[in-house]
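Start from the sequences, fold in the hints, and give me the full structure.
Numbering-wise (the numbering used here), the sequence shown opens with residue 1 and increments by one.
Wrong hints could be hidden among the right ones.
What the hints assert, rightly or not - In silico DSSO-like pairs for lysine-lysine, Cα to Cα no more than 27 Å straight-line:
| # | residue 1 | residue 2 |
| --- | --- | --- |
| 1 | K5 | K140 |
| 2 | K5 | K149 |
| 3 | K5 | K173 |
| 4 | K75 | K140 |
| 5 | K173 | K75 |
| 6 | K75 | K5 |
Unchecked claim - For each label pair, taking beta carbons as the anchor points, the in silico distance ranges come out as:
| # | residue 1 | residue 2 | range |
| --- | --- | --- | --- |
| 7 | S147 | V102 | 18 to 28 Å |
| 8 | D39 | S92 | 34 to 44 Å |
| 9 | E3 | S166 | 17 to 27 Å |
| 10 | A109 | S179 | 47 to 57 Å |
| 11 | G52 | E116 | 18 to 28 Å |
| 12 | Y58 | K140 | 15 to 25 Å |
| 13 | E34 | S147 | 20 to 30 Å |
| 14 | D170 | R130 | 19 to 29 Å |
| 15 | P107 | A18 | 39 to 49 Å |
| 16 | E73 | V41 | 19 to 29 Å |
| 17 | Q169 | T70 | 36 to 46 Å |
| 18 | Y29 | Y93 | 34 to 44 Å |
| 19 | P143 | K75 | 19 to 29 Å |
Simulated from the structure, these hints should not be mistaken for lab results. Backbone N, C-alpha and C fix where the C-beta goes; we use that ideal spot for every residue, glycine too.
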Amino acid sequence: MAEYKIGYIDTYRSERNAFIGGILITDCYGIPLEFRHTDTVVPSRIEQILYGRALDHYLKAETMARSLLTDVENKPDILIVPDESYYNLTRSYTFPFVQLSVARREPLATHGESQEISENEILLQILSLREPVRVKVDRKNAPTLASVKSILLDLGRTMDVLEPLSRVQDALKYLAENSNK
Numbered sequence: 001m002a003e004y005k006i007g008y009i010d011t012y013r014s015e016r017n018a019f020i021g022g023i024l025i026t027d028c029y030g031i032p033l034e035f036r037h038t039d040t041v042v043p044s045r046i047e048q049i050l051y052g053r054a055l056d057h058y059l060k061a062e063t064m065a066r067s068l069l070t071d072v073e074n075k076p077d078i079l080i081v082p083d084e085s086y087y088n089l090t091r092s093y094t095f096p097f098v099q100l101s102v103a104r105r106e107p108l109a110t111h112g113e114s115q116e117i118s119e120n121e122i123l124l125q126i127l128s129l130r131e132p133v134r135v136k137v138d139r140k141n142a143p144t145l146a147s148v149k150s151i152l153l154d155l156g157r158t159m160d161v162l163e164p165l166s167r168v169q170d171a172l173k174y175l176a177e178n179s180n181k
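So, in structure tokens, the structure goes:
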């Protein structure tokens with residue numbers, strides 16, 4: 001098995017409207033190689049008004065994710081993202097940004113089997129998971145889907161490829177809630 005580095009990135013928004021972002025890089029067993037997080041950002045009321053609905057996207061992708069991806073020393077082979085708001089950053093990086101989620105349906109027949117949903121999205125049966133995984137890349141990176149599939153199948157032999165994203169979310173929540181203690 002290749003020595004892949006997998007990145008997991010996310011942001012957390014607290015009840016106080018404070019934002020914090022983080023990135024976890026793991027090895028092919030899900031063991032952390034590096035974790036970085038941003039400082040907590042609390043937008044002022046005037047920033048909330050001026051940015052409106054664009055505030056979440058701006059803070060998440062344009063500010064926090066860009067900073068984290070620049071600072072991380074262990075560049076990932078693939079970056080697992082929680083949603084499409086990160087896709088506009090793909091043009092600045094050589095690794096694919098991949099959305100993963102459990103497809104709530106019956107397993108596909110065999111390990112490695114996939115079903116195409118669209119040019120940039122598939123269902124993939126990974127060994128370590130019962131249900132197939134929905135795998136999505138942005139349209140620009142649709143040609144990388146075959147290599148992403150291969151990496152995920154390799155990783156599925158040694159780790160739960162979805163689980164580390166929840167670790168990032170838990171760590172960010174902990175940091176946000178304990179930043180003033």
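We went through each hint and held it up to the structure:
1. K5 - K140: 22 Å, holds
2. K5 - K149: Within the cut-off at roughly 15 Å; holds.
3. K5 - K173: 24 Å, holds
4. K75 - K140: Measuring from Cα to Cα gives roughly 20 Å; hence the hint holds.
5. K173 - K75: 24 Å, holds
6. K75 - K5: Holds. K75 to K5 sits at ~7 Å (cutoff 27 Å).
7. S147 - V102: 18 to 28 Å: 22 Å, holds
8. D39 - S92: 34 to 44 Å: 22 Å, violated
9. E3 - S166: 17 to 27 Å: 24 Å, holds
10. A109 - S179: 47 to 57 Å: 48 Å, holds
11. G52 - E116: 18 to 28 Å: Distance hint for G52, E116 is violated at roughly 37 Å.
12. Y58 - K140: 15 to 25 Å: 21 Å, holds
13. E34 - S147: 20 to 30 Å: Holds, since E34 and S147 (Cβ atoms, about 23 Å apart) stay within the stated range.
14. D170 - R130: 19 to 29 Å: 23 Å, holds
15. P107 - A18: 39 to 49 Å: 40 Å, holds
16. E73 - V41: 19 to 29 Å: 23 Å, holds
17. Q169 - T70: 36 to 46 Å: Cβ of Q169 to Cβ of T70: about 22 Å, so the range 36 to 46 Å is violated.
18. Y29 - Y93: 34 to 44 Å: 24 Å, violated
19. P143 - K75: 19 to 29 Å: About 20 Å separates the Cβ atoms of P143 and K75, which means 19 to 29 Å holds.
Checked against the numbered hints given earlier, this structure breaks hints 8, 11, 17 and 18; the rest are met.
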